[in-house]
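K.L.:
All chains, full assembly: derive it from the sequences and hints.
For the sequence shown, position 63 matches number 63 in the numbering used here, and the numbering has no gaps at all.
Think of the hints as simulated: they come from the structure by calculation, not from any bench.
This one's a predicted model, so the numbers in the text were calculated from it and none came from an experiment.
C-beta: ideal position from N, C-alpha, C; glycine also.
Hints are not guaranteed to be accurate.
[To be verified] Beta-carbon label-pair distances, calculated as ranges:
{"#": "1", "residue 1": "72", "residue 2": "48", "range": "28 to 36 angstroms"}
{"#": "2", "residue 1": "75", "residue 2": "33", "range": "53 to 61 angstroms"}
{"#": "3", "residue 1": "8", "residue 2": "43", "range": "48 to 56 angstroms"}
{"#": "4", "residue 1": "71", "residue 2": "44", "range": "35 to 43 angstroms"}
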Amino acid sequence: MSIYLSIYLSIYLSIYLSIYLSIYLSIYLSIYLSIYLSIYLSIYLSIYLSIYLSIYLSIYLSIYLSIYLSIYLSIYLSIYLSIYLSIYLSIFHYF
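P.N.:
Below you can see the structure in the form of structure tokens.
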């Protein structure tokens, strides 16, 4: 009788423990990982994105604005000066 009882208990305990541990570990790991990953990823991504975007935008904007402004200002000033000089010379040419 004791052999049957020990076999029964060992089988029962092994099945029970395997089921219990698998369920417990899956629930615990899913909750822990979801909370940990959400917090970690939100903090990491916010810091990383803010640093990356600030550096990238500052470099990009400085290059873009310097090129754009130099081209725009040169074109604008040349057109403006040519119009202004043509009007000025046409008016004061007769005097």
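K.L.:
Using the beta carbons of residue 75 and residue 33, state whether their distance is inside 53 to 61 angstroms or not.
P.N.:
holds, 58 angstroms
K.L.:
Using the beta carbons of residue 71 and residue 44, state whether their distance is inside 35 to 43 angstroms or not.
P.N.:
At 40 angstroms between Cβs, range holds.
K.L.:
Return holds or violated for the Cβ distance of residue 8 and residue 43 against the range 48 to 56 angstroms.
P.N.:
holds, 51 angstroms
K.L.:
Just to be sure I understand the hint, the distance between the Cβ atoms of residue 72 and residue 48 should be within 28 to 36 angstroms; is that true here?
P.N.:
holds, 34 angstroms
The structure agrees with every numbered hint stated previously.
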